[in-house]
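In order, the protein sequences belong to chains U and B. When we follow the numbering used here, the leftmost residue of the first sequence carries the number 1, and every step to the right adds one. When we follow the numbering used here, the leftmost residue of the second sequence carries the number 1, and every step to the right adds one.
A couple of the hints might just be wrong.
Pairs count within a copy or across copies, as identical chains cannot be separated in the list.
The calculated EDC-like cross-link candidates involving lysine to aspartate or glutamate, where the alpha carbons are at most 20 Å apart (straight line), are [to be verified]:
#: 1; residue 1: K208; residue 2: E81
#: 2; residue 1: K331; residue 2: D148
#: 3; residue 1: K208; residue 2: D160
#: 4; residue 1: K227; residue 2: E99
The hints are simulated quantities; they were obtained by calculation from the structure and are not laboratory data. For clarity, every value in this text was computed on a predicted model and none was experimentally measured.
If you want the building blocks of each chain, they are given just below.
There are 2 protein chains.
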Amino acid sequence: MYVRKSRLLTPGPTPLLPAAVHAMAAADRHHRTSEFRSVYSGVIEDLHYFMGTRNGIGLFASSGSGAMEAAVSNLFSPGDEVVVCVAGKFGERWVQIAERYGLDSVILRRPYGESVAPDDVRTALSVHPDVQGVLVQSTESSTGVSHDVEAMGEIVGHTDAILVVDAITGLGSSTLNIDDWGLDVVIGGSQKALMIPPGLAYCSVSEKALKRAETATNPNFYFNLRKHIDAGPRGDSPWTPASSLILGLAESLRFVRQVGRDRMVRNAQLLARAAREAAGAVGLRLFIRNAIPAGAVTAIRPPEGMDSSEIVRAFRERFESIIANGQGSMKGQIFRFAHLGYFDFHDLFATVAELEMILQLLGHEVELGRGVEAAQAVYLEAVASEESGA
Amino acid sequence: MYVRKSRLLTPGPTPLLPAAVHAMAAADRHHRTSEFRSVYSGVIEDLHYFMGTRNGIGLFASSGSGAMEAAVSNLFSPGDEVVVCVAGKFGERWVQIAERYGLDSVILRRPYGESVAPDDVRTALSVHPDVQGVLVQSTESSTGVSHDVEAMGEIVGHTDAILVVDAITGLGSSTLNIDDWGLDVVIGGSQKALMIPPGLAYCSVSEKALKRAETATNPNFYFNLRKHIDAGPRGDSPWTPASSLILGLAESLRFVRQVGRDRMVRNAQLLARAAREAAGAVGLRLFIRNAIPAGAVTAIRPPEGMDSSEIVRAFRERFESIIANGQGSMKGQIFRFAHLGYFDFHDLFATVAELEMILQLLGHEVELGRGVEAAQAVYLEAVASEESGA
Numbered sequence: 001m002y003v004r005k006s007r008l009l010t011p012g013p014t015p016l017l018p019a020a021v022h023a024m025a026a027a028d029r030h031h032r033t034s035e036f037r038s039v040y041s042g043v044i045e046d047l048h049y050f051m052g053t054r055n056g057i058g059l060f061a062s063s064g065s066g067a068m069e070a071a072v073s074n075l076f077s078p079g080d081e082v083v084v085c086v087a088g089k090f091g092e093r094w095v096q097i098a099e100r101y102g103l104d105s106v107i108l109r110r111p112y113g114e115s116v117a118p119d120d121v122r123t124a125l126s127v128h129p130d131v132q133g134v135l136v137q138s139t140e141s142s143t144g145v146s147h148d149v150e151a152m153g154e155i156v157g158h159t160d161a162i163l164v165v166d167a168i169t170g171l172g173s174s175t176l177n178i179d180d181w182g183l184d185v186v187i188g189g190s191q192k193a194l195m196i197p198p199g200l201a202y203c204s205v206s207e208k209a210l211k212r213a214e215t216a217t218n219p220n221f222y223f224n225l226r227k228h229i230d231a232g233p234r235g236d237s238p239w240t241p242a243s244s245l246i247l248g249l250a251e252s253l254r255f256v257r258q259v260g261r262d263r264m265v266r267n268a269q270l271l272a273r274a275a276r277e278a279a280g281a282v283g284l285r286l287f288i289r290n291a292i293p294a295g296a297v298t299a300i301r302p303p304e305g306m307d308s309s310e311i312v313r314a315f316r317e318r319f320e321s322i323i324a325n326g327q328g329s330m331k332g333q334i335f336r337f338a339h340l341g342y343f344d345f346h347d348l349f350a351t352v353a354e355l356e357m358i359l360q361l362l363g364h365e366v367e368l369g370r371g372v373e374a375a376q377a378v379y380l381e382a383v384a385s386e387e388s389g390a
Numbered sequence: 001m002y003v004r005k006s007r008l009l010t011p012g013p014t015p016l017l018p019a020a021v022h023a024m025a026a027a028d029r030h031h032r033t034s035e036f037r038s039v040y041s042g043v044i045e046d047l048h049y050f051m052g053t054r055n056g057i058g059l060f061a062s063s064g065s066g067a068m069e070a071a072v073s074n075l076f077s078p079g080d081e082v083v084v085c086v087a088g089k090f091g092e093r094w095v096q097i098a099e100r101y102g103l104d105s106v107i108l109r110r111p112y113g114e115s116v117a118p119d120d121v122r123t124a125l126s127v128h129p130d131v132q133g134v135l136v137q138s139t140e141s142s143t144g145v146s147h148d149v150e151a152m153g154e155i156v157g158h159t160d161a162i163l164v165v166d167a168i169t170g171l172g173s174s175t176l177n178i179d180d181w182g183l184d185v186v187i188g189g190s191q192k193a194l195m196i197p198p199g200l201a202y203c204s205v206s207e208k209a210l211k212r213a214e215t216a217t218n219p220n221f222y223f224n225l226r227k228h229i230d231a232g233p234r235g236d237s238p239w240t241p242a243s244s245l246i247l248g249l250a251e252s253l254r255f256v257r258q259v260g261r262d263r264m265v266r267n268a269q270l271l272a273r274a275a276r277e278a279a280g281a282v283g284l285r286l287f288i289r290n291a292i293p294a295g296a297v298t299a300i301r302p303p304e305g306m307d308s309s310e311i312v313r314a315f316r317e318r319f320e321s322i323i324a325n326g327q328g329s330m331k332g333q334i335f336r337f338a339h340l341g342y343f344d345f346h347d348l349f350a351t352v353a354e355l356e357m358i359l360q361l362l363g364h365e366v367e368l369g370r371g372v373e374a375a376q377a378v379y380l381e382a383v384a385s386e387e388s389g390a
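Produce the entire structure from the sequences given, and follow the hints as far as they go.
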């Protein structure tokens, strides 16, 4: 009846950067030419900037789960003991991968919506002195919770174990000082802050971790870290690269350099705060409890007695917008919308206005405009602070 | 100085299908929606048509090497004996993967340009009765040679071993009756006959092979075959799919259905024959010896005393066309150009005309037009045969 634009408000995939879309459409290029090698080595260099690390970086044609497997299959041997932090669906994935590779997991599990405390990691490491690694999500996108990986890096850094951080959703939406904090492996994807479709994963790997790879006995081939880390700076990949996505990624990383990586993070963090304030202003509660909220995604409980699926469906049917339901046991209990990458306050104001109307149409009492007003307040405060030079 | 269009004449990536490019540019879609699930399950169904098999199909976000690893890590256990047919660079890759996974390889190696005879496989299987699998390329794209996988299927089918066929270049450019010939695993990629960029791999897996997967002990996670084969027909993937490439693949497979899979193969085979005739007509020799030539790619020796790199460079510098040099030890010894997927006689006539001029400019005596004439003869014969209803 009316014009409606389709929009992705999910924590991956996120809205695509137009310049990247155009580059991907011009993908009839061969990957073993000097032109493409120059694009590829530039992507590796720009990933160092984006991630803020001097560690070697491996870039894979795969989803993020492939890079998670890479960490486990390259760095550990069957029988190795690892601590696995589980506070959501992606923590559970660490458990599955560790099991597949014969690791002996010490699982630190917290109820969904909470996070694993660094002190629990400290205790686990002292009770299990043979632990070889700690596996964790920096941002658990299924619940909207962040882990304090800075504190974990400090703790793990005093041991021989290595800290493996799934930052697929965290990179570009939260501060991660990889080298200073001792984050040995940090994993990212293409369809989050980097604004292109899924199909690429990458990870930085510390010398401490690479040393371990030399003696680890689990088999790997496609995801061999050393091969990828050595080849990338020369513009090469051990196997045929996903060339269209690489060309798109080059444009996305150019955009990141223009905006600045810290400002990308502040953008997400500010939007996240505005989203939380807006949720509160329309009478909704956040899903997280006693945890650091994510910059990438906000998980919100529906009003008492309402199934969150109704809200997800209304966003799609009324506004052609895709927001995320809860996953697994959280389905129907929460809805999640993202605010990272190519996402701005304009997007947020409209999304909050739509949420207000959806809640009202579903019978929840809302004073229209209160949520938007809360988001506006966050925006105006940030602008004032910026213009006063703070 | 003059307008020159850039062209990919390499055996992967191949020229992109415009409809697929357009679909990939409209990739801001979420992969867990009913709309995308319907695209994904349609892709799986159309892959069954393209491959011509009822076997289950796994589809991965990876390059073809990932699916090669999938076959080894899912179907075999450390210590298993396998026969590996090596007649080029991709045969060597089988050896590497098998070694990584602790297999005991019986290597049947032939000089590059030749192929492994089915009788050699038969002999190896009788000398090594405990062999659990045979690994081979249907088309070895580094040399332009085809293996007789029909005869190998007959031989292996009488044993408990399974036949694993890398058909990344062979699918869509040569006849492969997967089910009738007993090809247990057949592996394909996206950047060959399927006319989209690299980043997707897929494989069909027979019941005999899946049964073996139940007891094989090598670890795998990202490339788990059973998970992918079960999820695909429902429109699901175990991990986030490479959604832009999936949308492009849907268009490519629609094109394959329009042309017809057998006619796709005949197109490549006819172009390959015309390419071989043209090479002979300009006084060049083919690289293959006593082997079935590939439908996908033709490998040609340069004139005596000429480095093939000069021909490759001239194609790029004079005509903006990318043809392939020899790989590894074959570099400088051969040049290769492809004729599969979105490639027609128009492309071939011009390529041959350019080759004639390049050879002349490099000092090789060529009567201009003789190569083109040879290609025209193949075309006209095919047209006459088709129009007479043969």
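State whether the alpha carbon distance between K208 and D160 is at most 20 Å within one copy, between copies, both, or neither.
-> within (9 Å within a copy, 45 Å between copies)
Tell me, please, which holds for K227 and E99 at an alpha-carbon limit of 20 Å: within, between, both or neither?
-> Classified as between; 16 Å across copies, 25 Å inside a copy.
Copy assignment of K331 with D148, given that the CA separation must stay at most 20 Å = The answer is neither: 26 Å in one copy and 52 Å across copies each exceed 20 Å.
Alpha-carbon proximity context of K208 and E81, limit 20 Å = within (17 Å within a copy, 36 Å between copies)
When the structure is compared with the earlier hints, a violation turns up for hint 2 alone.
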